[in-house]
Amino acid sequence: MTSFSSDIGQRRLTLADKVRGVQWGLVILIAAISGIGFAMLYSAANGSLQPWAARQMTRFAIAFIPMILVAVIDIRHWFRAAYWIYGVALLLVIAVDLRGFVGMGAQRWIDLGFIQLQPSEIMTIGLVLALARYFHCVPTENIGRVSRLIPPVFLILIPAALVLKQPDLGTALLLLASGAILCFLGGVRIRMFVLAAVGAGVAAPIAWRMLRDYQKTRLYTFLDPEQDPLGAGYHITQSKIALGSGGLFGKGFLLGTQTHLSFLPEKQTDFIFTIIAEEFGLVGGLILLALFIMVIGYGFAIAMRSRSLFGRLLGLGIAANFFLYAFINTAMVMGLIPVVGVPLPLISYGGTAMITMMLGFGLLMNVGVHRDVRIGRRGESELG
Amino acid sequence: MSARENQRQKLLTRRAALLAGGQAVLGGALAVRMYQLQILEKDKYAVMAEENRINMRLLAPPRGKILDRFGVALADNRPNYRVVVVPEQAGNLDGTVAAIGKLIDISEADHRRIQRDALRKHAFVPLVVRANLSWEEMARIEVAMPELPGVAIEQGLIRDYPYGTGASHMLGYVAAVSEKELTGDPLLELPDFRIGKNGVEKAQDMQLRGGAGTSQVEVNAFGRVVREIATTPGQPGRDIVLGVDMALQEFVVRRCSVEASLSCVVLDALTGDVLALVSSPSFDPTQFSTGLTPALWQELSTDPRNPLTDKAIAGVYPPGSTFKPVVALAALEAGAMTPDSTVSCPGYFSLGNATFHCWRKEGHGAMRLHDGIKKSCDVYFYETARRVGIDRIAAMARKLGFGSPVGLDIPGERGGTIPDRERQLALTGVAWQPGETLIAGIGQGAVTGTPLQLATMAARLVTGRAVVPRLLRPEGRLIPEVNQPASAFAELGVNPRWLALVLDGMNAVVNEQGGTAYAARITDPAMAMGGKSGTSQVRRISQAEREHGIRKGTAVPWKERDHALFVSFAPVSAPRYVCAVVVEHGGETGGGGSAVAAPICRDVLLETQRRDPARRVPQPEVAEVAPSAPPQPATRSDARRG
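Residue numbers (this note's numbering), protein chains in the order written: chain A, 1 to 384; chain B, 385 to 1026.
These aren't lab readings, by the way, just hints derived from the structure by calculation. If you're wondering where the values come from, they're calculated on a predicted model, not measured in any experiment. Treat the hints loosely; a few may be bogus.
[Said to hold, decoys possible] Here's a subset of chain A near chain B, in silico, CB distances under 10 Å, partners left out:
#1 Ile-143
#2 Ile-181
#3 Phe-184
#4 Gly-186
#5 Gly-187
#6 Gly-199
#7 Ala-203
#8 Ile-206
#9 Ala-207
#10 Lys-240
#11 Ala-242
#12 Gly-246
#13 Leu-286
#14 Ile-293
#15 Met-334
#16 Gly-341
[Unchecked claim] As a list, the in silico DMTMM-like pairs of lysine to aspartate or glutamate whose alpha-carbon atoms are at most 25 Å apart:
#17 Lys-564/B x Asp-589/B
#18 Lys-449/B x Asp-427/B
#19 Lys-394/B x Glu-141/A
#20 Lys-449/B x Asp-623/B
#21 Lys-251/A x Glu-425/B
#22 Lys-426/B x Asp-17/A
#23 Lys-745/B x Glu-896/B
#24 Lys-251/A x Asp-427/B
#25 Lys-745/B x Glu-820/B
#26 Lys-428/B x Glu-266/A
#27 Lys-581/B x Asp-793/B
#28 Lys-449/B x Asp-668/B
#29 Lys-586/B x Glu-565/B
#30 Lys-486/B x Asp-501/B
#31 Lys-586/B x Glu-634/B
#32 Lys-783/B x Glu-820/B
#33 Lys-745/B x Glu-944/B
#34 Lys-394/B x Glu-266/A
[Stated by the list, open to error] Facing chain B, from chain A, some residues (calculated, C-beta under 8 Å):
#35 Glu-141
#36 Gly-144
#37 Gly-285
A virtual CB, placed ideally from N, CA and C, is assigned to each residue, including glycine.
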């Protein structure tokens, strides 16, 4: 059980120490948000545990133990495994792409029987791990070199391109954004971002041609959703109606009219925020946003207290990832950005998203538990 | 910790702070957006939520009209008013229906349907309490409406036939779509949709039907229609123009009403236009579109006079003596007879040991073609048929339109039968007997045809062309006809000299003293008609009857009486109009074709020539008033058998 105990100089963390060191406040926050999710799934099914709420609760329970396990395994094991995890996630993404190619039509998941695994979601964690390790290892004096930027750019672009091809625009954008954030935190010069932005501007017309028609339509309808109220603009219009009609305090639990009358076909997944906003109004929506902000703040606090660069980057990356999910989803539902398929973390119905998110929080807690562990260039402990 | 490491630590902290700041800004944007949507624009979205959902509805197009040759509507759409009740607005549905029941009659079947629909449909869907309201019933409900919450009067379109029974057989009728007729076209699944079931309504259904329109309606969260957003009007059905002259048709209907059961066809021999097509008695097709009562259906379908059958095109009768022009023409063409060949008629004809009787027991004496037709001498035609043979008679009969449907452009036409040797053998396995040729020579036995075929025969005789009658006018209506147009039909290939001889004989039938229909002649020489009478036997006359005197007229049950037929054309100088009349079972008195059918032909052809629909340049505002009273049928005092 060496993995569960760690040497920090003279001090040795036992398993018991670690379990005590887990940020139980964060765990309570996660449980609270998930609990809101269960209630919303119960409401989405018109006041029934079937078919969504009960299964989502089961998944939460199943994922809870691995989350704590991830938190207590020595952080250096995660450091050493970082590239491997990234590699496995990449292989899974490729496998899905190939199968989608062979089986004709878009398939974003691998059916494991008890769960439909979406490798692109696992990739979000894998990317954070790999980039955190990479920037941890780059010597500070070399961080400004352009050659040092080539590996992370490929680490980001390869999975992003593969996911875009699935086609899953939302997750691809999410990978790009979270990769950029890690580069930013890792110390890449600001002018590189400016250069990248210019490059993206030049590449945009090419990328536009690679987009599928439905993705183009979504961008168009984002610009003018009223244009086609029966077609692609339907989602945005309907979710705005659901939100807006909620008012300050909402219509009350299980009393939402829009969400219950099946105006929104994906109310239990990507558009679940509309149920919260319709039934609990502005107050309910802001409470949920506040809970999200608390989780992110908790993540930042944990990360900044870590003594290792890997730990800091990992913690900030996980927190930023969580933020991106939550922001993209809610902004999309409110009509601030185009409709891209991104779930609301911990709340939307969906197995992989739930489990990935929980394991991510496990890593975040791991950073907190091992905040005093110093990590060398190759993952050996360093005396501080 | 080196200075560089320290510097990097600071950089990370700075950038983490920037990131947190960026996230805070974005989070703030979310909060502002929520405030905007949920507080500032709440009212707008609350209203939209109330009136949510957009639905597409199908609108039935108005069905095309059917017009006569002058543009008079024979089939039209009229508004149909029905009283509906919305259960949720009514509160107490049974009470409301009972209250309506005090104002108008609601049948037991309607009650059952309301109960059934109330259980199956949403409470906001209007239920039809009763359709086809009269003005008076509507007024009674309108007055009581303030005390009847949830009750409304809706308007729909219903097929209307302004002339009622006047043109029912050719027009057909419309009725609800049956399960078998569904093609996947959603239009057919509309609850009120009607399709043509017979006659022109069926033959031209696709043209008349038109294309569906759509209506986009906004429906609130409960499916109630809030408002109409956009309407795409349907493509109304196309109007269909018939060659019929409705005023003439009405005249014929009235003239025919004196007999129990008959049919009459009037054609424009040049164009083939059907000017009138009457089968009497008839039915009212409007009753079919409003819904027939079982009692009425029972009455119509069991009537021995077959009001539901179009006897003019589907009634099959032995043509009797009206078939004789065919036999004469076949013989002349074949050279089996010349116009001067003489046959002596002693009143009977012997073939082997069988005896065939002439209708005139005393005999006609020496007969040639002209007198043979004029006096309708059976013996003359026994001998003619014997000489020319059945096969050549059959060929000529088919050439003149018998033996198969002539091809009228509505469904339901029957073809009758024309026997020949080959057909007889194939059908019965028994060889053709020479005696049967004689029977066929006077249009009896296996020879049968429809009134339409008789009229077609007359049209072909007067034009020498293969005229095909038609109801639809491909050119549309209101065509001024300045010059006599050349007929578009192909030549029959019959020597015009023989045709002229046969027509001359038919002229003599009506216009010469001693002709079988002399009593029914038209005295105005400019309008004189020619024709041929016929009386076809329905039963066999037994030897006992011949010996003890044949029972006449009313002594025979109606169903066993002879049919009375007459085929005619006019004017004799330049024939244009032809008319065929078949009076089933000889009419009321059981008289022959010349006594019963010929006077009808005379009156119809006289009226046709007065109206002259083929040549008349119609006025834009057609207000034809047919004679107010039907002319009295001609006296039958000098009726002769034909």
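Hints versus structure:
no., hint, result
1, Ile-143, "holds (7 Å)"
2, Ile-181, "holds (6 Å)"
3, Phe-184, "holds (6 Å)"
4, Gly-186, "holds (8 Å)"
5, Gly-187, "holds (5 Å)"
6, Gly-199, "violated (21 Å)"
7, Ala-203, "violated (24 Å)"
8, Ile-206, "violated (28 Å)"
9, Ala-207, "violated (23 Å)"
10, Lys-240, "holds (6 Å)"
11, Ala-242, "holds (7 Å)"
12, Gly-246, "holds (6 Å)"
13, Leu-286, "holds (6 Å)"
14, Ile-293, "holds (6 Å)"
15, Met-334, "holds (5 Å)"
16, Gly-341, "violated (19 Å)"
17, Lys-564/B x Asp-589/B, "holds (16 Å)"
18, Lys-449/B x Asp-427/B, "violated (50 Å)"
19, Lys-394/B x Glu-141/A, "holds (14 Å)"
20, Lys-449/B x Asp-623/B, "holds (5 Å)"
21, Lys-251/A x Glu-425/B, "holds (16 Å)"
22, Lys-426/B x Asp-17/A, "violated (52 Å)"
23, Lys-745/B x Glu-896/B, "holds (22 Å)"
24, Lys-251/A x Asp-427/B, "holds (14 Å)"
25, Lys-745/B x Glu-820/B, "holds (21 Å)"
26, Lys-428/B x Glu-266/A, "holds (24 Å)"
27, Lys-581/B x Asp-793/B, "holds (14 Å)"
28, Lys-449/B x Asp-668/B, "holds (17 Å)"
29, Lys-586/B x Glu-565/B, "holds (12 Å)"
30, Lys-486/B x Asp-501/B, "holds (21 Å)"
31, Lys-586/B x Glu-634/B, "holds (22 Å)"
32, Lys-783/B x Glu-820/B, "holds (21 Å)"
33, Lys-745/B x Glu-944/B, "holds (22 Å)"
34, Lys-394/B x Glu-266/A, "violated (44 Å)"
35, Glu-141, "holds (6 Å)"
36, Gly-144, "violated (11 Å)"
37, Gly-285, "holds (5 Å)"
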